[in-house]
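Sequences listed follow chains F and U, in order.
Using the numbering used here, read the first sequence as starting at 941 and increasing by one per residue.
Using the numbering used here, read the second sequence as starting at 192 and increasing by one per residue.
Since the hints were made in silico from the structure, they are not lab data.
Errors might be hidden in some of the hints.
What the hints assert, rightly or not - Straight-line Cα separation of at most 30 Å, DSS-like style, residue types lysine-lysine; simulated pairs: (1) U:K370 x F:K1124; (2) U:K325 x F:K1011; (3) F:K1124 x U:K363.
Bear in mind the structure is a predicted one, so any value in this text is a computation, not a measurement.
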Amino acid sequence: YQRRVRGDDLSRVNKKAICEHLAQLQEEDGSFSAVVAEHAAACGERDIRFMYCAAVISFILDDWSGFDKDKAMNHILASLSYEGGFGQAPHIEAHSGSTFCAVATATLMDRQLPEEVREKCIQWCAARQGSGFQGRVNKIEDTCYSFWTGATLAMLGAGSTVIDCERLSGFVAACQQDMGGVSKWRDTHPDVLHSYLSLAGASVIGGASPPLQPVCPQLAITLRAAKRLNDIHNKELI
Amino acid sequence: VRGTFNQIASVELLFPPSFELRDRCLMSVEEHVLYRDRPEWADVKPVPQDDATAPVCPILYPEEFVDTMNYFRAIVRLDERSERALELTEDVIEANPANYTAWQFRRLCLYALGSNLAAELDGFVFALSRDNPKNYQMWHHRRACAERLSASLDDADERASVAERELKFCHKQVLLDAKNLHAWAHRQWAVQHFGAWSGELAFVDELLVDDVRNNSAWNHRFFVVTHQPEPPTRRAELDYAFAAIGKAPNNESPWSYARGILLSRKASRLAGAATPAEHAALVDTVDADCAGMAERAPACAHALVLRLDIAEWRATNDAANSAAHYEKALEYCKILGEQRDQLHANYWTYRQRKIQEKKGE
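Okay, chain F solo, but in the shape it has when bound (with noise of 0.2 Å):
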């Protein structure tokens, strides 16, 4: 047989590296630090962003040998806010980014959150529209958390169907800059990262025109790199 190689396939990563190093950067808590700690008495710089990297990179390595799921489940668990939501760690306020890490961990985990949890984290997305979204209880709008709000809602099994996908398109639009990008505002200017989020979470939504590819909510790829994903995890054959 030919195996047919369509880019890097991951072959010379040094998995076994990766995943040792992971493991030490997990605490007893199942948070994640950014850094090993300098001395066994100190902790690294932790929030649940470094958790969903660490989910990430398991998931592309398809090892998870480096961390451990039950663990992370009860961090996830332990960071949700009265409010709904998930914060940057247990008792923080409860905000969108937080929301997707804690929402797409679980989701690449391949872990169900509770339904009582599912359910106010939908109801507590969906408030966040005014028009666009914003990232936490009275906080301005901003285009990015089309894509942190509508993912976790895609991944909560909710998706479209809970917004005003019109009124959301209509923020992004007006958030369009003549020189081209869209920012994260009207009137100020365009970058990179509001560009993409704006595009990646009006495709998670969907119904955009005109038409977008498709996007992997848990990994904010397209669908079409997250199967070249999958068929490096199963050497793909033709």
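Use these hints to put chain U onto chain F, whose structure you have.
Quick look at chain U alone, frame taken from chain F:
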């Protein structure tokens, strides 16, 4: 330093120049001497950045930056935790405040030299935070140094002053940006680590007077009341929330807070309403308050949303009458979707469907 709603807290007032950062623009070479030209650094062989053989999109670093980083890489490789290394980390951090390696190595130097960590917190870190209020590494550095400083002190009063410094710093940052997530997270850590609960509710009060819609302040209140040694009663906190609601009925924050205090398991530590019967009675009172509010403020959706959550809670906790509770819940969804909260009509349709599913079971 007190801030009031109409007073714009100026950076200059809050961050007086007590410590001069060698504020150099990297393009100017007036004062800065390259490390390679300093005799006291002659013994160190600079280490260039390893960009492999064919870097994609190489960055055109200014000469001064390259020089600083070459010597930083050398010092890290030598693991030399000296005064000159400490000074070098200042340059590296000023050039790129997000360089977490530089911050960590700086800490290793501070610890090895037995440096005065209080001076570090009041000096370099304080000065840098002026222009970098949302820099993750800066906040982590404060936490690491404060923890280490506190652990080295035997005297309770001295440790209390460490706590005081961090709370004051958070206060200044919050005056600059009332919703700075880093500042609030740091404050939570400091309060919990040092057991410095006593001033927190008053602090929240002050901020909510400035802006009753400050959700970060509400979240902090929830953290404090559910963790402080002597928790208040649920009733007291509900009264607090409803007082704020009275000022601004469409403010989501106190409604979310009230729902958390009333129904969340996280609030189980609060005093009062200990038995299921007492709790249910409290829920009844709040439901009645919501009904009154819904009537007085027809534009207010939140009152009905809380009644909806209460109805669903009752369906579970008063299972014998669940059908009636679900009927009520469906009624609220309908009113919300059709009248009071048309903006989120799609969600209320979804919610109705979910309730129907539960009702069917």
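*In ascending order, which of the hints set out earlier in this document are inconsistent with the structure?*
Of the numbered hints given earlier, the structure breaks none, since each of them holds.
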